[in-house]
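Just so you know, the protein sequences line up as chains A and B, in that order. Take the first sequence: its letter number 15 is residue 15 in this note's numbering, and every next letter is one higher. Take the second sequence: its letter number 295 is residue 295 in this note's numbering, and every next letter is one higher.
No wet-lab data here; the hints were simulated from the structure. By construction, the Cβ of each residue, glycine as well, lies at the ideal position given by its N, Cα and C atoms. Some clues are possibly wrong.
Unchecked claim - If you anchor each label on the Cβ, the simulated ranges turn out as follows: (1) Val81/A x Asn503/B: 30 to 38 angstroms; (2) Val701/B x Glu339/A: 36 to 44 angstroms; (3) Glu160/B x Ser333/A: 47 to 55 angstroms; (4) Lys703/B x Thr43/A: 46 to 54 angstroms; (5) Val701/B x Gly56/A: 42 to 50 angstroms; (6) Asn743/B x Glu339/A: 50 to 58 angstroms; (7) Asn492/B x Lys336/A: 18 to 26 angstroms; (8) Thr289/B x Tyr232/A: 38 to 46 angstroms.
To be verified - Simulated crosslink set (DSSO-like; lysine-lysine; CA at most 27 angstroms straight-line): (9) Lys472/B x Lys231/A; (10) Lys300/B x Lys153/A; (11) Lys365/B x Lys153/A; (12) Lys412/B x Lys389/B; (13) Lys266/A x Lys472/B; (14) Lys412/B x Lys291/A; (15) Lys655/B x Lys101/A; (16) Lys272/A x Lys98/B; (17) Lys217/B x Lys153/A.
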Amino acid sequence: MINNKEQLIQQFQQLIEAQDTIQKLIENKNIFCKQNLSPLYQTLKLLPPEEKREYGLEINLLNNQINSLFEARKRILEAQVEAIANKVDYDIHIDTYKLSKGAKTILSIVTDKIIAYFKQLNFKIVEGDEVTTIENNMDRLNIDINHPARDPKDTFYIDSIRMLRTHCTATTAEEIHNQDREIKVLSYGNVYRNDDDDLTHSHQFSQVDIVWVKENLSINHLKSIIDGLLKYLFGNQIKTRYRLSYFPFTEPSFEVDISCFNCGGKGCSMCKNTGWIEILGAGMLHQNVLKAANIYTINSGLAAGIGVDRIAMLLYGIKDIRDIYNNDFRLLSQLKGVE
Amino acid sequence: MLFTRSLITRFIPGFYEISDEQFAQSVNALGMEVESIYKRPKLDNVVTGQLLEINKVEGTHLSLCKVKVDDSVTKQIVCGASGLITGKYVVVALPGAKLPNGIIIAKRQIHNMESDGMLCAYSELTNNKNVVADAEQDEIIMFNQGKVGSQDWIHVIDYEDTIYDITVPANRNDENAYLVFCYEIANKLELDFNFDFEKIIAAFQEQKETTIAVNKKVCASLFFLDYDLKTKWLERSEWKTKAVLMNHGIKPFNYLMDKLSFITLLTNCPTNVYDTNKIIGEAKCSNATPGLKFVALNNKTYDLTSNDIVIYDNNKPISLACVIGSEETKLTQKTTNVKIEVGNFNYAHIRNTALRLNIDTDAAKRASRPLSTFLNFIAIKLIKGMIGKPRAVQSYLSFNWPKNSVSVSFKKLKWFINEDLSKPFVVNSLQKLGYKTNWLLKNRFNPPLWRLDVTNQEDVFEDILKIIDLNKLQPIAIEDKLIPIEPNTEHNLKSSLKNILLNNYFSEVKTYNLTNQSNLNKFNLFKLTNPIKIQCNNSNREYFRTNLIDGMLKVYKYNDARKITLLPIFEIQNIFTNSIKTTNLTCLCLNEYVVDNITHSRIALNLNFFKGILDEISRLFNVNLSFNSIDIHEFYNNETLTISFKNKVIGYVGKIKKSQLKSYDLSNKDIYCLTINIDSLLKHYEPSQFKVKSFGSFQTVSKDVNIVLPKNGINNIKEKLNAIKKIPDISNAEIINIFEKDNNVIYTVRYWLVDTKQFKSNDIDLIAREIDNIR
Numbered sequence: 001m002i003n004n005k006e007q008l009i010q011q012f013q014q015l016i017e018a019q020d021t022i023q024k025l026i027e028n029k030n031i032f033c034k035q036n037l038s039p040l041y042q043t044l045k046l047l048p049p050e051e052k053r054e055y056g057l058e059i060n061l062l063n064n065q066i067n068s069l070f071e072a073r074k075r076i077l078e079a080q081v082e083a084i085a086n087k088v089d090y091d092i093h094i095d096t097y098k099l100s101k102g103a104k105t106i107l108s109i110v111t112d113k114i115i116a117y118f119k120q121l122n123f124k125i126v127e128g129d130e131v132t133t134i135e136n137n138m139d140r141l142n143i144d145i146n147h148p149a150r151d152p153k154d155t156f157y158i159d160s161i162r163m164l165r166t167h168c169t170a171t172t173a174e175e176i177h178n179q180d181r182e183i184k185v186l187s188y189g190n191v192y193r194n195d196d197d198d199l200t201h202s203h204q205f206s207q208v209d210i211v212w213v214k215e216n217l218s219i220n221h222l223k224s225i226i227d228g229l230l231k232y233l234f235g236n237q238i239k240t241r242y243r244l245s246y247f248p249f250t251e252p253s254f255e256v257d258i259s260c261f262n263c264g265g266k267g268c269s270m271c272k273n274t275g276w277i278e279i280l281g282a283g284m285l286h287q288n289v290l291k292a293a294n295i296y297t298i299n300s301g302l303a304a305g306i307g308v309d310r311i312a313m314l315l316y317g318i319k320d321i322r323d324i325y326n327n328d329f330r331l332l333s334q335l336k337g338v339e
Numbered sequence: 001m002l003f004t005r006s007l008i009t010r011f012i013p014g015f016y017e018i019s020d021e022q023f024a025q026s027v028n029a030l031g032m033e034v035e036s037i038y039k040r041p042k043l044d045n046v047v048t049g050q051l052l053e054i055n056k057v058e059g060t061h062l063s064l065c066k067v068k069v070d071d072s073v074t075k076q077i078v079c080g081a082s083g084l085i086t087g088k089y090v091v092v093a094l095p096g097a098k099l100p101n102g103i104i105i106a107k108r109q110i111h112n113m114e115s116d117g118m119l120c121a122y123s124e125l126t127n128n129k130n131v132v133a134d135a136e137q138d139e140i141i142m143f144n145q146g147k148v149g150s151q152d153w154i155h156v157i158d159y160e161d162t163i164y165d166i167t168v169p170a171n172r173n174d175e176n177a178y179l180v181f182c183y184e185i186a187n188k189l190e191l192d193f194n195f196d197f198e199k200i201i202a203a204f205q206e207q208k209e210t211t212i213a214v215n216k217k218v219c220a221s222l223f224f225l226d227y228d229l230k231t232k233w234l235e236r237s238e239w240k241t242k243a244v245l246m247n248h249g250i251k252p253f254n255y256l257m258d259k260l261s262f263i264t265l266l267t268n269c270p271t272n273v274y275d276t277n278k279i280i281g282e283a284k285c286s287n288a289t290p291g292l293k294f295v296a297l298n299n300k301t302y303d304l305t306s307n308d309i310v311i312y313d314n315n316k317p318i319s320l321a322c323v324i325g326s327e328e329t330k331l332t333q334k335t336t337n338v339k340i341e342v343g344n345f346n347y348a349h350i351r352n353t354a355l356r357l358n359i360d361t362d363a364a365k366r367a368s369r370p371l372s373t374f375l376n377f378i379a380i381k382l383i384k385g386m387i388g389k390p391r392a393v394q395s396y397l398s399f400n401w402p403k404n405s406v407s408v409s410f411k412k413l414k415w416f417i418n419e420d421l422s423k424p425f426v427v428n429s430l431q432k433l434g435y436k437t438n439w440l441l442k443n444r445f446n447p448p449l450w451r452l453d454v455t456n457q458e459d460v461f462e463d464i465l466k467i468i469d470l471n472k473l474q475p476i477a478i479e480d481k482l483i484p485i486e487p488n489t490e491h492n493l494k495s496s497l498k499n500i501l502l503n504n505y506f507s508e509v510k511t512y513n514l515t516n517q518s519n520l521n522k523f524n525l526f527k528l529t530n531p532i533k534i535q536c537n538n539s540n541r542e543y544f545r546t547n548l549i550d551g552m553l554k555v556y557k558y559n560d561a562r563k564i565t566l567l568p569i570f571e572i573q574n575i576f577t578n579s580i581k582t583t584n585l586t587c588l589c590l591n592e593y594v595v596d597n598i599t600h601s602r603i604a605l606n607l608n609f610f611k612g613i614l615d616e617i618s619r620l621f622n623v624n625l626s627f628n629s630i631d632i633h634e635f636y637n638n639e640t641l642t643i644s645f646k647n648k649v650i651g652y653v654g655k656i657k658k659s660q661l662k663s664y665d666l667s668n669k670d671i672y673c674l675t676i677n678i679d680s681l682l683k684h685y686e687p688s689q690f691k692v693k694s695f696g697s698f699q700t701v702s703k704d705v706n707i708v709l710p711k712n713g714i715n716n717i718k719e720k721l722n723a724i725k726k727i728p729d730i731s732n733a734e735i736i737n738i739f740e741k742d743n744n745v746i747y748t749v750r751y752w753l754v755d756t757k758q759f760k761s762n763d764i765d766l767i768a769r770e771i772d773n774i775r
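Okay, chain A solo, but in the shape it has when bound (with noise of 0.2 angstroms):
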């Protein structure tokens, strides 16, 4: 018969009690079982066989109720450390920027974009020499000698060879040169023109130019390759529409436009109420092109330019290109995240 049992279950309760954490608790419970339980069975062990039953089932009893307040105890400290885990000094709806990632210029945004979907189609992918060859920006490209872009007031020349590219197309000239098979380029980067900088020109802007060279291609090849960026761009909503145009190194030649995708395409200053907003041109390769290229086994050959400035400022609602080029950081902070 344990005399004390209801002694020791009160003491048990206010040691532990007074614990305020999981470890002085289990250390503490430790301690007094050492101290009050151990003995207990050493006397279990000296009982005549006729008292241990009863003297045995009394420790156990006692040990399930130490146990039981325990247990009971331990919860209520876990769930205060998960209070004060949980605990946060601050509002959580408020914004965390100052340790968020760098941001891309809006040139490398757009032109990323577009570069993603053509490497969905298996395009090698090049940005080429701004440096390029007179014959490579013009003589391929059946631009005749007295065309206005060959101006010397439009375009910057270096010497009688070399210039800075006025397209990427002079680079796509130069990777479909003597690649007589079918062949995908793509070349982006940048280009100059020697127009004043305002509102919409500047004297450097970016483009992206394909090229695919393959054999029967049709205008309505073009027209599913084009749909599929401008939807891929824009988003399924948008309609397209084709208007013949020239360029000289296709034939024929199309301006590109899509359904205004700020009012929808019922007129609004965006689209100088047309409904129409263009976004870039394309065509078949002119027949002059493919033989300039040496290209003579395969008949045909589609092309689009795509300018990376105009689509940027679409896109994103810029007003003024000289934005981009000045880096204002006002406009380029608000493009972290962006992809």
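Add chain B to chain A, keeping to what the hints say.
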């Protein structure tokens, strides 16, 4: 060029039923573009009136007029214009009227006289005063017939005409001629066209001419038509003629010039008129003598070059062909004989002359692109019809029109435009556009005589697209093979490089590559020589830059001037000289902490931060980069390192000297800069080189140890660290903390034991003793 509804309707009578939208669609389908449609605002309270009485007000330039504005209403109006004629009909703006120039008319007192409205000049009814002749700027519009109180004045000056600004393709200058434009529009809209091209050709071929002297390289055709001047020709045209010209942005001049301007509208051929009596000998055409002085109609004197095309008489230049006439041979009230010139000159020369001399005339614009001489022939015919038979004609003829027929493969057409187009449909479509079918030669077509742009069958295909609706062609996906896959290694590496920088808080910028001579050698750390010089008049675009640092510091200057917090920035661009091309990465940042105000975490942007980035870059390219301190002019020498790859310096990282930042107004900033040419890294990259190091199954054991060195012991610690790394059983060692104490620098080094075996305490003690020896 501008086109108007009323003039289009003159050639296409059914056009009045066509809406602006239908018209714009047809224009688009033909490969042209309606840039804008302009309609003048409706004017309320502006009516036709009749001048009943005109009384001059003594001592002023004013007249007190009685104007009938309704059958029963007469208004008193004070008018400052001269030349008013009793009985004439005028345009009266009554009180309440708001004119296009913004003026609101109200009853008011002028010189103590009540004025109950205003008599209008043309310049008050338009926003484009430039089209009004100088003499007519303040002249009241007067006409002979009208209905008082009505708005029939609108028809007198074609006020409500719709004006279309239309751009034609660069290779279709012929479409700027009304006759060609309307011919194509009429056929597209399936309406009747009111002009017979065939008759013109036949009539012209009967003409006899005498030959004049020209330089055939600069002139395809040239005609001079001689007339005895009629008095009427120097008088002003009627409003009917003037209104048409002004609606097309052309300033009226006199009867003769206005007729010629009208013919230019129809044919796109500029003309010029000379006072024959002031021409000495025969007129001829040639390149100008270099250095020749030419006094033009605008009273300016121009220095000519051999690229300018000039019409000469025996003594002097009498005009700059299709650009501007001369002061000396212009028509005056004394003129008795005139010579009308119609020419087809080398368009590139005309364009270059107009651009070089900054002369922006309508003639120069029209003659700056190629044009078929067939349109010159039509212009001659129209001159003869509208002005009269000339006393004499001199001409030089060539055949700058399409002579060759074009062969069309119907098989190619079938796959090029994936539509079921029958041969009769194709033939019919082309005939609609003026093609002649060459039945003798199968599948050959002769383009219309006014077209110079059709040279191959794809040009013909384009014309077929004008007839069928291009937008109804169904897109067809291209059947394609994906093999071989394009690796695009260089592009992918550049993208990954950008991501490293973006993830390290750097933002990308894009700056201009062209610069001026004075900025060219700033921060030319790689000592690039032989820079590329651009042929350009703008000195700020004279050279291709040798580095990105100057441009990027200007970005800091721009933003700092606007009190915008400066961000860490980077740029990757190609740099070109006459000797090399290199791809350069440059980063700039202030020596400040990037701080998160909420979590209080801080990252110091300094030399070590850049070295951390370079470590990531070296891992991207799978290369080892080495660093050595260096003294360079632009950076502080105790905080500058070279970056080397395979013993070749490929970059610099350091702190820019404040003296160098003065010209950017940034000398109060501490700016770190990393600039590295990444070409060798791009070329070296081989994806298969990377190997994963093996690792064991035991837990990792690490220990920290302090190494105390006197200041300036950078090289020492590097050696000691390497020595620790070489101890067997140590897998790696890194400096994790640096602090100063008692004139010493203390480096805390953490080393890791290999995880391929289990260590006993004795083993660990042995390693610690070895490290003590190194310390």
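Take the C-alpha atoms of Lys412/B and Lys291/A, compute the straight-line distance between them, and say whether it is at most 27 angstroms. Distance ~17 angstroms between Lys412/B and Lys291/A Cα, so the pair holds.
Could you grab the alpha-carbon distance between Lys655/B and Lys101/A and see if it respects the 27 angstroms cut-off? 23 angstroms, holds
27 angstroms limit on alpha-carbon distance, applied to hinted pair Lys412/B and Lys389/B: Violated - the C-alpha atoms of Lys389/B and Lys412/B are around 50 angstroms apart, more than 27 angstroms.
Given the hint that Lys272/A pairs with Lys98/B, test it: the Cα-Cα distance must not exceed 27 angstroms. At roughly 26 angstroms apart (the allowed maximum being 27 angstroms), Lys98/B and Lys272/A satisfy the hint.
Assessment of proposed distance window 46 to 54 angstroms (beta carbons of Lys703/B, Thr43/A): Given range 46 to 54 angstroms: holds, Cβ gap about 50 angstroms.
Take the C-beta atom of Val701/B and the C-beta atom of Gly56/A, compute their distance, and say whether it sits inside 42 to 50 angstroms. Holds, at about 48 angstroms.
Given a hint of 30 to 38 angstroms, does the C-beta separation of Val81/A and Asn503/B actually sit inside it? 35 angstroms, holds
Please work out if Lys300/B and Lys153/A have their alpha carbons no farther apart than 27 angstroms. Given that 27 angstroms is the threshold and the Cα spacing comes to 23 angstroms, the pair holds.
Holds or violated: 36 to 44 angstroms for the Cβ distance of Val701/B and Glu339/A? Because 42 angstroms falls inside the window, the suggested range holds.
When you check the alpha-carbon spacing of Lys217/B and Lys153/A, does it fall within 27 angstroms? Within the cut-off at roughly 23 angstroms; holds.
Distance restraint hint 38 to 46 angstroms, applied to the beta-carbon atoms of Thr289/B and Tyr232/A: Given range 38 to 46 angstroms: violated, Cβ gap about 60 angstroms.
Given pair status - Lys231/A, Lys472/B, alpha carbons within 27 angstroms: 18 angstroms, holds
The structure shown violates the earlier hints numbered 8, 12.
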